Amino acid sequence: MKNKIIKIGAMAASAVMLATSIPAVATAAESNYSYIYDYWGDVQEMPDAYNVCDVFTSSDLGLDTMLKNPDGMYVRDNMIYICDTGNNRIVILERTGKDSIELVKTVDKIKGSSINTLSGPTDIAVSEEGNIFIADKGNSRILKLDSEFNYILEFGKPDDQALTADQAFLPNKIVIDTAERVYCIATGINRGLIKYEADATFSGFIGATKVVYNFGEYLKKKFASQEQLARMESFVPTEYDNIYMDNEGFIYTVTDATTEEDLKAEKGDAVRKLNLLGNDILVRNGEWPIYGDLYMGAGGGYSGPSQFADITVLDNDIFICLDKNRGRLFGYDDQGNMVYIFGGNGNMDGYFRMPSAIDHMGNDLIVLDSLDNSLTLFIPTEFGQLVYTAMEQFDIGEYEASGQAWEEVMKLDGNYTLAYIGIGRSLLRQKQYGEAMDYFDLKYDADNYSKAFQQYRKKWVEKNIAIIVIVILAVFLIPLGIGKINQIKREIDKEEFFNK
Amino acid sequence: MFEALKKKETYSKYFKSLKFSLYVLSHPLDGFWDLTHEKRGSYAAANTILFLTVLARLLKLRYTSFVIQEPVYWEDINIFVYIASIVFPLALWVVGNWGLTTLFDGKGRLGQVYIATCYGLTPYPLFQIPLMIASNFVTIEEGQLFATLSVISLVYAGILIVLAMGQIHEFSLGKNILFTIATLFAMLVMIFILMVFFSMISQGVAYFISIGKELMFRM
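First to last, the sequence lines map onto chains A and B.
Residue 1586 in our numbering is what sits at position 246 of the first sequence, and the numbering runs on without skipping anything.
Residue 59 in our numbering is what sits at position 47 of the second sequence, and the numbering runs on without skipping anything.
Treat the hints as calculated values from the structure; they're not laboratory data.
This one's a predicted model, so the numbers in the text were calculated from it and none came from an experiment.
Don't be surprised by glycine CBs; every beta carbon is placed ideally from N, CA and C.
Treat each hint with caution, since some may be false.
If we take Cβ atoms under 10 Å as the criterion, some of the chain B residues that face chain A in the derived model are [claimed, not checked]:
#1 S77
#2 P83
#3 Y85
#4 F149
#5 E154
#6 G155
Heads up, simulated DSBU-like pairs for lysine-lysine below, C-alpha to C-alpha not over 35 Å straight-line [what the hints assert, rightly or not]:
#7 K1829(A) - K25(B)
#8 K31(B) - K1829(A)
#9 K72(B) - K1798(A)
#10 K72(B) - K1783(A)
#11 K1791(A) - K72(B)
#12 K72(B) - K1803(A)
#13 K1451(A) - K20(B)
#14 K1829(A) - K72(B)
#15 K72(B) - K1607(A)
If we strip away everything but chain A, and leave its shape as in the complex, we get (with noise of 0.2 Å):
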């Protein structure tokens, strides 16, 4: 009898321990799937800018074989096409509604070619004609096929001296404009982005990295022997790990390969945005350097900066960025401004084991992951929206209404220093200079608040001018004044006249 007690006592205290842990955890995990980094560089929750909407493993798309290692994405209207790498085939998918994708097809031959299997496709990308563009990196070539998967030409290793001979061509990322130019990053070609023209002739590299050493290095290299040289690391560009063409014409440009003290040193860039001539012209004025995460020491059993797999820029000109160490997305506005970050490792849904390729379908993200073969997709919350609508309102001058939206998302979250920001440049903007200045005060934006207050000082100069003109005329004139009346006053006692 006493056992018995003793036994339920026991589970019932085992059972309130489960109750009270399991929301506890859950209630953690939430709170930091999404964050952001103030002024002083300390991490901040924020409300979740995206939601889960669901996850599409191979067998919810209905896929007979599983998805094998799948390195490559692209979204095309509402259709996605997956480069399945480890099968060596494509499979195209469509979105059908809000929450449902279904299989098209799946291609693994193609018509028309010597070669007509896939050798583990790394890329692929649809120009607006329909044409499809695929890296086929074992076979050394990229594919131009009608949407039929019709062959119609293919782009080889280009025809450049700093090519040797024996040296493999390996097309892994690619992107195409408009024109159907072909803009292609092969493993072990550092040169920057392989450019095609249309008819498959090369046409040059473009947008290679600068090579940064420093003095010391320099020296060091010029008094060593053969066999230390070989030890050291050589001079070289960093190669790009995966590029996203946005609807400007813009190349935008990801690489993992720099370390730790050159992102902190500003030199070298975790993220770029070429413009035609190859030139970076990424805007970087937010608080933050764009590397992702600022705090690079080991947690979690993760180390090391943030290494970006792929990026996809909305039509609103937010970029993602999608870091493969820690498993998360990083948002930036145009200006370079930190807009959120999510994500993370493990396996719930809205977190990642290896992610390989994000992209949009209007402002809805799509990641697919490499080892856990599946989709994610993301829709914006009422948050996330709510910061679309005013940056995209302010954008096409409509401050008022931007202004609004600011005050909004400061109602879901008043630590957001978008949102003050946004709600001064909006002020600014209406001519209401003094209460622009307040908001860039709260959130130490220097520069708009030395724009809002030239304008308060010339406001208020303009209204003050009559007290500022008798204030400078009583500093001078009173003095000299003073100075008169005493000497008058010196001279009639010098008078004879009145001292008599």
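Got chain A sorted already, so can you dock chain B onto it with the hints?
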């Protein structure tokens, strides 16, 4: 002592000696000579200038506009470190300078070195406090001037202190510069000795603490 505070001439003397710091600014050689030889300076005025210097350093943190100066992360601020950042080097300088010059025919006494050095600090509060106030009325482009003026105030103070030492010790220019450099070395040596001293003391204390702990465990 309190009797003196009731007398009127105590105050007039204090304000006169404080006002003399402004004369020193424009006539450093003449001024510093009179400071000790004609007894124009006073401890009270020197203490006031030092206090104002420390005050300016602290007020700057809060009241300089964020347009000019990086905002301060208050959680990381230790106010005593900021006070010590002026008082500690000053103490080292005074002691080091007096210690060295006394051995090489320096005429100045320890108190005189202190007074003269404090008078030499005058440009710092005199420049920094108006700059701090003005910083709230400028834009980021106009702020470039502030860094320059701020540096000028420091260099000005530095020159004044060096000249002051030459005058109160009755050194020639060459000897004065030599002893300025020597004093800086003396400061380094003192810092080194202080650090050695502190680490030895702390190790010594730690030794006895561990013995005490050991005894407590055994008993």
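Verification of the supplied hints:
1. This hint holds: S77(B) has a C-beta 9 Å from the nearest C-beta of chain A, less than the 10 Å allowed.
2. With 10 Å as the threshold, the beta carbon of P83(B) comes within range of chain A, its nearest partner Cβ sitting at about 5 Å, so the hint holds.
3. The beta carbon of Y85(B) is positioned within 10 Å of a beta carbon in chain A (closest approach about 6 Å), and the interface hint is therefore held.
4. Hint on F149(B) holds. Least Cβ distance to chain A is approximately 7 Å, under the 10 Å limit.
5. A hinted interface residue such as E154(B) counts as satisfied when its beta carbon comes closer than 10 Å to some beta carbon of chain A; here the least separation is about 9 Å, so the hint holds.
6. This hint holds: G155(B) has a C-beta 8 Å from the nearest C-beta of chain A, less than the 10 Å allowed.
7. Under the criterion of a C-alpha separation no larger than 35 Å, the hint pairing K1829(A) with K25(B) is consistent with the structure, at around 34 Å.
8. Our distance criterion of 35 Å between C-alpha atoms is met by K31(B) and K1829(A), whose separation comes to about 31 Å.
9. A threshold of 35 Å between alpha carbons decides the hint, and for K72(B) with K1798(A) the separation of about 26 Å falls inside it, so the pair holds.
10. Between K72(B) and K1783(A), the direct Cα distance comes to roughly 19 Å. Compliance with the 35 Å bound is thereby established for this hinted pair.
11. Using a Cα cut-off of 35 Å, the hinted pair K1791(A) and K72(B) holds, with the two alpha carbons roughly 23 Å apart.
12. Between the alpha carbons of K72(B) and K1803(A) the distance comes to roughly 31 Å, so the proposed pair stays at or under 35 Å and holds.
13. Proposed proximity of K1451(A) and K20(B) is contradicted: the alpha carbons are some 109 Å apart, above 35 Å.
14. The suggested pairing of K1829(A) with K72(B) is violated, with an alpha-carbon distance near 47 Å, which exceeds 35 Å.
15. The suggested pairing of K72(B) with K1607(A) holds, with an alpha-carbon distance near 33 Å, which does not exceed 35 Å.
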